[in-house]
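Residue strings, one per chain:
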Amino acid sequence: NAGVMQNPRHLVRRRGQEARLRCSPMKGHSHVYWYRQLPEEGLKFMVYLQKENIIDESGMPKERFSAEFPKEGPSILRIQQVVRGDSAAYFCASSRQGAPEQFFGPGTRLTVL
Amino acid sequence: RKEVEQDPGPFNVPEGATVAFNCTYSNSASQSFFWYRQDCRKEPKLLMSVYSSGNEDGRFTAQLNRASQYISLLIRDSKLSDSATYLCVVKILYGNNRLAFGKGNQVVVIP
Numbered sequence: 001n002a003g004v005m006q007n008p009r010h011l012v013r014r015r016g017q018e019a020r021l022r023c024s025p026m027k028g029h030s031h032v033y034w035y036r037q038l039p040e041e042g043l044k045f046m047v048y049l050q051k052e053n054i055i056d057e058s059g060m061p062k063e064r065f066s067a068e069f070p071k072e073g074p075s076i077l078r079i080q081q082v083v084r085g086d087s088a089a090y091f092c093a094s095s096r097q098g099a100p101e102q103f104f105g106p107g108t109r110l111t112v113l
Numbered sequence: 114r115k116e117v118e119q120d121p122g123p124f125n126v127p128e129g130a131t132v133a134f135n136c137t138y139s140n141s142a143s144q145s146f147f148w149y150r151q152d153c154r155k156e157p158k159l160l161m162s163v164y165s166s167g168n169e170d171g172r173f174t175a176q177l178n179r180a181s182q183y184i185s186l187l188i189r190d191s192k193l194s195d196s197a198t199y200l201c202v203v204k205i206l207y208g209n210n211r212l213a214f215g216k217g218n219q220v221v222v223i224p
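Same order as they appear, the protein sequences are chains A and B.
No gaps in the numbering here: position 25 of the first sequence is 25 in the numbering used here, and each next residue is one more.
No gaps in the numbering here: position 85 of the second sequence is 198 in the numbering used here, and each next residue is one more.
Next comes chain A alone, as it looks inside the complex (with noise of 0.2 Å):
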């Protein structure tokens, strides 16, 4: 049973571009969330979804930042016009429905040069 996906596991930018990260819930999960994790600090929330709907996103920095879960394929974090402060590890987490415990994919590490 594999477990939530991401890629990729390291995405290197220059400042102005643009990051795709992807990920993939556990099989049965319908529930996607991701957190942000900069260096020597601890994960922050920033978004939670459903199939074709955003839920909460009120960890979301209002500019530049973007996501999605379709109704087919992965979940899609999207970030504009990078800078420098956006690097840090982005992990995405799934969870069953009606289940409060999340297991967690093994990152992106985002590094904007």
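If you're looking for bench data, these hints aren't it; they were derived computationally from the structure.
Quick caveat, the model's predicted, so the values are computed rather than measured.
Mixed in with the good hints there might be a few duds.
To be verified - FRET-style restraints, in silico, Cβ to Cβ:
#1 I76(A) with V221(B): 36 to 44 Å
#2 A2(A) with S194(B): 20 to 28 Å
#3 E101(A) with S194(B): 51 to 59 Å
#4 S139(B) with S66(A): 23 to 31 Å
#5 E118(B) with A99(A): 23 to 31 Å
#6 G129(B) with G16(A): 50 to 58 Å
#7 K62(A) with G129(B): 45 to 53 Å
#8 E72(A) with P123(B): 39 to 47 Å
#9 N140(B) with S66(A): 22 to 30 Å
#10 S166(B) with G16(A): 50 to 58 Å
#11 E52(A) with N125(B): 27 to 35 Å
#12 Q17(A) with G129(B): 29 to 37 Å
#13 E68(A) with Q144(B): 26 to 34 Å
#14 S181(B) with A99(A): 23 to 31 Å
Stated by the list, open to error - Pairs of lysine to aspartate or glutamate, EDC-like flavour, derived with a Cα cap of 16 Å:
#15 K204(B) with D56(A)
#16 K158(B) with D195(B)
#17 K155(B) with E40(A)
#18 K216(B) with E40(A)
#19 K192(B) with E128(B)
#20 K51(A) with E72(A)
#21 K158(B) with E101(A)
#22 K44(A) with E128(B)
#23 K216(B) with E41(A)
#24 K44(A) with E57(A)
#25 K155(B) with E41(A)
#26 K44(A) with E118(B)
#27 K204(B) with E101(A)
#28 K115(B) with E41(A)
Even for Gly, the Cβ is constructed at its ideal location relative to N, Cα and C.
Could you slot chain B onto chain A? The hints should help.
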């Protein structure tokens, strides 16, 4: 005030010893509580859920004190492989699945 507060440590523990640490949470309406383990530069892995009555999983024991709003984790007979950062995690609001993470307790088990 932070949603979840933990003393980062490090906690240097001789192999075979017992180590305990706790965290506090600020929102009294918090519904679910967990301990996750995070190894260096890896993803958090669920260690155990924490129930009101307290629960044990092998060498690990978790306790919840709702009145004082703190959660504890005790590790008995520490192994070298227990070296990791232990994250205290709280689900904040009923109906909202957002998790709030502490910064973690760093445990280093010394031979």
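Cross-check of the supplied hints:
1. I76(A) with V221(B): 36 to 44 Å: holds (38 Å)
2. A2(A) with S194(B): 20 to 28 Å: Holds - the Cβ-Cβ distance for A2(A) and S194(B), about 24 Å, lies within 20 to 28 Å.
3. E101(A) with S194(B): 51 to 59 Å: violated (23 Å)
4. S139(B) with S66(A): 23 to 31 Å: Once the Cβ atoms are compared, 30 Å apart, the range 23 to 31 Å for S66(A) and S139(B) holds.
5. E118(B) with A99(A): 23 to 31 Å: Given a distance of about 26 Å, which is inside 23 to 31 Å, the answer is holds.
6. G129(B) with G16(A): 50 to 58 Å: holds (54 Å)
7. K62(A) with G129(B): 45 to 53 Å: holds (51 Å)
8. E72(A) with P123(B): 39 to 47 Å: holds (45 Å)
9. N140(B) with S66(A): 22 to 30 Å: holds (28 Å)
10. S166(B) with G16(A): 50 to 58 Å: holds (54 Å)
11. E52(A) with N125(B): 27 to 35 Å: violated (49 Å)
12. Q17(A) with G129(B): 29 to 37 Å: At roughly 51 Å between Cβ atoms, G129(B) and Q17(A) fall outside 29 to 37 Å, so the hint is violated.
13. E68(A) with Q144(B): 26 to 34 Å: Check passed, 27 Å falls within 26 to 34 Å.
14. S181(B) with A99(A): 23 to 31 Å: Roughly 27 Å apart at Cβ, these two residues keep to the hinted range, so it holds.
15. K204(B) with D56(A): Between K204(B) and D56(A) the Cα gap is close to 14 Å, so the pair holds against 16 Å.
16. K158(B) with D195(B): With Cα atoms ~13 Å apart, K158(B) and D195(B) stay inside 16 Å; holds.
17. K155(B) with E40(A): holds (13 Å)
18. K216(B) with E40(A): Given that 16 Å is the threshold and the Cα spacing comes to 8 Å, the pair holds.
19. K192(B) with E128(B): holds (6 Å)
20. K51(A) with E72(A): Holds, at roughly 8 Å.
21. K158(B) with E101(A): With a Cα-Cα distance of about 11 Å, the restraint between K158(B) and E101(A) holds, given a limit of 16 Å.
22. K44(A) with E128(B): violated (32 Å)
23. K216(B) with E41(A): holds (6 Å)
24. K44(A) with E57(A): Given pair K44(A), E57(A) holds - Cα atoms ~12 Å apart, limit 16 Å.
25. K155(B) with E41(A): holds (14 Å)
26. K44(A) with E118(B): holds (13 Å)
27. K204(B) with E101(A): holds (9 Å)
28. K115(B) with E41(A): Holds: K115(B) and E41(A) sit about 13 Å apart, inside 16 Å.
The structure does not agree with the numbered hints 3, 11, 12 and 22 stated previously, though it agrees with the rest.
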